[in-house]
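Number of protein chains: 2
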Amino acid sequence: MQLHNFNSGPSILPQEVLEKAAAAIHNFNNTGLSILEIGHRTSHFVEVVKEAQTIVKRLMDIGDDYEVLFLQGGATMQFMQVPMNLLDENGLAAICDNGVWGNKAVKEASLFGPVKVVSDTADKKHTYINKALDIPSNATYLHITTNNTVEGTQWHSYPQTSALLVGDMSSDIFCRPTNFKAFDLMYAGAQKNMGAAGVTMVVVKKEILGKTNRKIPAILDYRKHIEAGSLLNTPPVFSIYVSLLTLRWIEAQGGLAAMEKLNLAKSNLLYNTIDSLSAFHCPIAKEDRSIMNAVFFLTDASKEEAFLALCKTEGMIGVKGYRTVGGIRVSMYNALPYSSVEAFCNLMKSFAEKI
Amino acid sequence: MQLHNFNSGPSILPQEVLEKAAAAIHNFNNTGLSILEIGHRTSHFVEVVKEAQTIVKRLMDIGDDYEVLFLQGGATMQFMQVPMNLLDENGLAAICDNGVWGNKAVKEASLFGPVKVVSDTADKKHTYINKALDIPSNATYLHITTNNTVEGTQWHSYPQTSALLVGDMSSDIFCRPTNFKAFDLMYAGAQKNMGAAGVTMVVVKKEILGKTNRKIPAILDYRKHIEAGSLLNTPPVFSIYVSLLTLRWIEAQGGLAAMEKLNLAKSNLLYNTIDSLSAFHCPIAKEDRSIMNAVFFLTDASKEEAFLALCKTEGMIGVKGYRTVGGIRVSMYNALPYSSVEAFCNLMKSFAEKI
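Order-wise, the sequence lines are chains A and B.
If you're matching positions, the first sequence starts at 1 in my numbering and goes up one per residue.
If you're matching positions, the second sequence starts at 1 in my numbering and goes up one per residue.
Only chain A is shown next, with the shape it has when bound in the complex (with noise of 0.2 Å):
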């Protein structure tokens, strides 16, 4: 049976950085031995690290104000890595709260120093984006989250601030062209749109470090990383490197332009497919949908579990809605291919006929 893997994370990866990941196993670079079994040190890594960094670079059309460090932890780290870096009593920080994943952010920042949730959409079950932000002219720095995976929401344009931007850009990572430079900091668990679990890259402006007097012990502090040049201790290497057959692989797809296009066409024919069906619904505000992760229910609830045990039967795989949420997510990342998306509205129409 043909799967259709619409995983919210770790999730789809393109065919060709699976293939190329096995074959580093067996033998990385024509070393004779296994990407697992080299040194973190050597050249041959080294060149993985750089050359991850340069695209990364190029995809976001950043400059060298901005150092790109390959980490551990994921987001789960950086709400409180972000603030140990950036915050102290003095200071401010901005937080969007636009669902789970910003609600742990300001959890975790609230440790080190003051903090102020400028949007709260609990009042609408998290199913808008507010852009209406009552930023304090002494914020540290805004926080957002690009897309919010389990609500199915999204930022379409990024509010202005005059304090520093910082962006949870974990599941929503190169989706298309955007404007990077207006973050001063950003951060992605690799697990959805730039490879497997176990590395989260951090983008960051040098100029905005060092400006509390904490100390930070060296693995969290991102000048000590900067400085060794994204290798202070040994590197999750393998998720690394997936990172750059992936990041290889977009830019072979024709960059950000490509994914954008290819991302709208699976999300259009999506949520016109959920509009077009009195079965099923979609409660997120139109303007603020993602193209990533679409959130939608039956409109008869009693018909859920009918419909998720359907899909389970045609292949289609992790559609069921986040725990607190329930309903449906299908998750549409970059290695989605529309065949997927139209696989699945094929099933949607097909249930709507028969119930």
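It is worth saying that the hints were derived from the structure and are not from the lab.
Quick caveat: nothing in here was measured; it's all calculated off a predicted structure.
Keep in mind that the hints are not guaranteed to be accurate.
[Said to hold, decoys possible] Once the Cα atoms are required to be at most 27 Å apart in a straight line, the calculated DSSO-like pairs of lysine-lysine come out as:
#	chain 1	residue 1	chain 2	residue 2
1	B	Lys20	B	Lys104
2	B	Lys354	A	Lys224
3	B	Lys116	A	Lys224
[What the hints assert, rightly or not] Simulated restraints on C-beta separations:
#	chain 1	residue 1	chain 2	residue 2	range
4	A	Val46	B	Lys224	32 to 38 Å
5	A	Lys224	B	Leu269	37 to 43 Å
6	A	Lys261	B	Lys181	55 to 61 Å
7	A	Val100	B	Gln2	48 to 54 Å
Ideal Cβ positions, reconstructed from N, Cα and C, are used throughout, including at glycine.
Assemble the complex: chain A is given as a structure, and chain B must be docked to it using the hints.
Chain B in isolation, oriented as in the chain A frame:
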């Protein structure tokens, strides 16, 4: 050419582990999906974590008073995470500084509370283990590096203390049966004896946690990871799977007794060869020599370059000493076959005859 991989870490893995890891990238557990594409909360992956935890407990012969976690960030993260969880201003960390890694543990711990260095072997360039420790009676914990990867020394029996005992076992975990129960907290980066880079095992007694008043960020709080069954956030899925494969391999070989037999055979052969050849010398105190990493020198230092060049042409990988130590370092982790040490010893003999 046959390669012999003496890398200090990331290092050689069993061929069987590499083959199974590559196969899982194509199709994991007959799911039709890659291990890189599966959700970390699927039953398939939850079983991976549970089986790995079970094998670790079996190999260590420890009970349910211990928890086994698979985290990220390596020993460098543990250098700060251990004191963040165990130490505060009312406590005292007693730490053995027997080399590069112990020294880093001292620096990071001092950010969280009082530290006393109870052993500093710099007087003899860290060529021995000081076993006569003066541990203050009010020490919260004693931290030792059970094997000094860079310097080539190893604790062959553990110090007695009324304080909690913490062990950085990154470079000798599971090299032999030992009294793991002597420890209250043990950690190890996987990339030497138990898998690939990208995952760090922490084994901790639950009862020692929660004794400080510090507010700990979620990702750094062992208790949060325990509550979440080591799945607090997206874990390094592939690296954990490679650790499971390696743990299974250790058991299939006959467990820690078999590892010890192999490791003693390899290290005895190598040290005996060094000691028998006047062209080489090992400055490490005999009783403290590591069975994982042998550090030694050419008696005539001017011959070192020629020897390293010969090693290179003969496929002996990773034998150059650490940059601050120099000389030769041969790492003989569990997966290194006896035949590789034989080949290396033959090369030493043939080199010694010609000079």
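Hints that the structure is at odds with (numbers, increasing): Hints 1, 2 are the ones this structure does not satisfy, whereas the remaining hints hold.
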